[in-house]
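What follows is each chain in one-letter form.
Number of protein chains: 2
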Amino acid sequence: MGIKVFAPASIGNVGVGFDVLGMALERPGDEVIARKSTIPGLRIAKITGHGGQLPYAVEENTAGVAAQRLLEHLGAHEVGIELEIHKKMPLGSGLGSSAASAAAAVLAVSELLRTGMSKRDLLPFACMGEQVASGGFHADNVAPSLLGGIVLVCSNEPLEVHRLHTPAGLYAAVVYPHIQLLTREARAVLRAEVPLRDHVRQSAYLAGFVVGCFTSDLDLIGRSLKDVVIEPQRAPLIPGFYEVQAAALEAGALGCSISGAGPSVFALCSNSLIAENAGTAMQRAFQERGIATDLYLSKVNPEGAVVC
Amino acid sequence: MGIKVFAPASIGNVGVGFDVLGMALERPGDEVIARKSTIPGLRIAKITGHGGQLPYAVEENTAGVAAQRLLEHLGAHEVGIELEIHKKMPLGSGLGSSAASAAAAVLAVSELLRTGMSKRDLLPFACMGEQVASGGFHADNVAPSLLGGIVLVCSNEPLEVHRLHTPAGLYAAVVYPHIQLLTREARAVLRAEVPLRDHVRQSAYLAGFVVGCFTSDLDLIGRSLKDVVIEPQRAPLIPGFYEVQAAALEAGALGCSISGAGPSVFALCSNSLIAENAGTAMQRAFQERGIATDLYLSKVNPEGAVVC
Numbered sequence: 001m002g003i004k005v006f007a008p009a010s011i012g013n014v015g016v017g018f019d020v021l022g023m024a025l026e027r028p029g030d031e032v033i034a035r036k037s038t039i040p041g042l043r044i045a046k047i048t049g050h051g052g053q054l055p056y057a058v059e060e061n062t063a064g065v066a067a068q069r070l071l072e073h074l075g076a077h078e079v080g081i082e083l084e085i086h087k088k089m090p091l092g093s094g095l096g097s098s099a100a101s102a103a104a105a106v107l108a109v110s111e112l113l114r115t116g117m118s119k120r121d122l123l124p125f126a127c128m129g130e131q132v133a134s135g136g137f138h139a140d141n142v143a144p145s146l147l148g149g150i151v152l153v154c155s156n157e158p159l160e161v162h163r164l165h166t167p168a169g170l171y172a173a174v175v176y177p178h179i180q181l182l183t184r185e186a187r188a189v190l191r192a193e194v195p196l197r198d199h200v201r202q203s204a205y206l207a208g209f210v211v212g213c214f215t216s217d218l219d220l221i222g223r224s225l226k227d228v229v230i231e232p233q234r235a236p237l238i239p240g241f242y243e244v245q246a247a248a249l250e251a252g253a254l255g256c257s258i259s260g261a262g263p264s265v266f267a268l269c270s271n272s273l274i275a276e277n278a279g280t281a282m283q284r285a286f287q288e289r290g291i292a293t294d295l296y297l298s299k300v301n302p303e304g305a306v307v308c
Numbered sequence: 309m310g311i312k313v314f315a316p317a318s319i320g321n322v323g324v325g326f327d328v329l330g331m332a333l334e335r336p337g338d339e340v341i342a343r344k345s346t347i348p349g350l351r352i353a354k355i356t357g358h359g360g361q362l363p364y365a366v367e368e369n370t371a372g373v374a375a376q377r378l379l380e381h382l383g384a385h386e387v388g389i390e391l392e393i394h395k396k397m398p399l400g401s402g403l404g405s406s407a408a409s410a411a412a413a414v415l416a417v418s419e420l421l422r423t424g425m426s427k428r429d430l431l432p433f434a435c436m437g438e439q440v441a442s443g444g445f446h447a448d449n450v451a452p453s454l455l456g457g458i459v460l461v462c463s464n465e466p467l468e469v470h471r472l473h474t475p476a477g478l479y480a481a482v483v484y485p486h487i488q489l490l491t492r493e494a495r496a497v498l499r500a501e502v503p504l505r506d507h508v509r510q511s512a513y514l515a516g517f518v519v520g521c522f523t524s525d526l527d528l529i530g531r532s533l534k535d536v537v538i539e540p541q542r543a544p545l546i547p548g549f550y551e552v553q554a555a556a557l558e559a560g561a562l563g564c565s566i567s568g569a570g571p572s573v574f575a576l577c578s579n580s581l582i583a584e585n586a587g588t589a590m591q592r593a594f595q596e597r598g599i600a601t602d603l604y605l606s607k608v609n610p611e612g613a614v615v616c
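Quick note, the sequences are listed as chains A and B, same order. Be aware that the first sequence starts at 1, since it is given in the working numbering, and climbs by one per residue. Be aware that the second sequence starts at 309, since it is given in the working numbering, and climbs by one per residue.
So that you can see chain A by itself, here it is in the shape it has in the complex (with noise of 0.2 Å):
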């Protein structure tokens, strides 16, 4: 008898707050199903999904590595344990692909051997797995994937996080173009300084984005949803990507800009009707490039990684 979760992907960043925000989505997510075996030690058995480039070897795995660094804490690294890994979602996609394989596989351990650990209490093991892919140790996908809802990670050592308040009707549209971009690449544009003006505006738009989530002001969240830092730095790696943002604001979204490190374009929306429209129109815009895509809509997940 084995247990299978599902971890949800998730928009990093959420235009506004690099690398300390991330926002959870009902789907798509990945499954990891974990069971015991007479076979001592953790194995990976399986991968099917988009995963057929992923390695089955533990330590090169993130969910391999999540749901090692669990087993050593627990001291349980000798019983036997063998993960399926089933991709649901795309690679390299700036949707917390890998990060929700790291947290589906620790709460699926978690659950196999009872530990009665919380989901908080396993977030730095999924951060460990994330660092695999990523080569940091970021939980702005980890925590939202994990724990669901919009989360601020006010401090990566020791990790602190926060989830905000959720307000009601608030839904994404995330749209994923069919077209190769690296995280490392999308990191190596970054410059290693910014204007201290620009400093000040981005702060000014995240605190307000907070405020906005706690008062339920859809309107400020919309003014606030901006990125004046990374985006215009990222958004030449992505064909169109004024041209589909453009089409995402006309459409009535909030606000529209690069989830994590891309390809990925999200869009906030006040109602699932907007998020649709948004979504088409979104999609329409990469479509005059000849670039495919695929459309999620959502409302934000607020319990992230669930036994099911």
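To be clear, the hints were calculated from the coordinates, so they are not data collected in a lab. Quantities reported herein were computed from a predicted structural model and do not represent experimental measurements. There could be a bad hint or two in this list.
Label pairs and their computed distance ranges (CB to CB) [said to hold, decoys possible]: (1) B/F445 to A/E59: 54 to 64 Å; (2) A/A292 to B/G477: 25 to 35 Å; (3) A/G135 to B/Q488: 40 to 50 Å.
Using N, Cα and C, we set each Cβ at its ideal position, and we do this for glycine too.
Chain A is already provided as a structure; the job is to place chain B on it using the hints.
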């Protein structure tokens, strides 16, 4: 018959939000009296207190300019009005002295003329007055002085400010060391660029501070009340700053940083007793360097400028 208005001092930046955050104090503050006069136009009739060096020319005086812009907006610049300005707080202290005079002036004139304008309506005019002193259109002292509370300036143009929730118990100790430090000088030391890494950390601190206010999480406010961008650059302008800061934290303050452009240093505390202890500890630390000080103890002022 005149209208007398008190407008309080304020802590600009509040350490964590350079140019975007401000907090109103209960005291000290300035008083402005506005009364009708038979001579047409606006005139500054009297200035008392620390303002020996303040100009009587309307267009050179922050209170004068603020009142004048309001009168022009009302089409009432021919009405005879005289102002008395009673400075009851030090100039150039980093406590928003010019902002307080501007805030008091617009409210006094508005009440005198029974305009029915709200304090929010009056805010832009007070900012125009403050501009004379600071050289820039900043609302981070004017807004708290006029409106009270902890205020986030989301945008200067168009002007948009939001009051944060003020956690019960939050208390400030503010120490004004008797040294001269010009705002211009304090601005001049600032580097034009911020390392991306510090931008991310500081953004997280500001967002954490805002979350802490809305959730009344004083510990989170304490962990967030840090300035890795501006404080390290301005601290050398305040002799003994780090000793003063350490003294405040040892006395139990949640956090401690520079008020506005300095030289005043503030500590936020979880109650009035700790604030008193932190305040006297900070005074002692300055005293060891032979620097005389004034101490102001105050809870967050919830109402800002008031007719009295």
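Tested hints:
no.: 1; hint: B/F445 to A/E59: 54 to 64 Å; result: holds (56 Å)
no.: 2; hint: A/A292 to B/G477: 25 to 35 Å; result: violated (56 Å)
no.: 3; hint: A/G135 to B/Q488: 40 to 50 Å; result: holds (49 Å)
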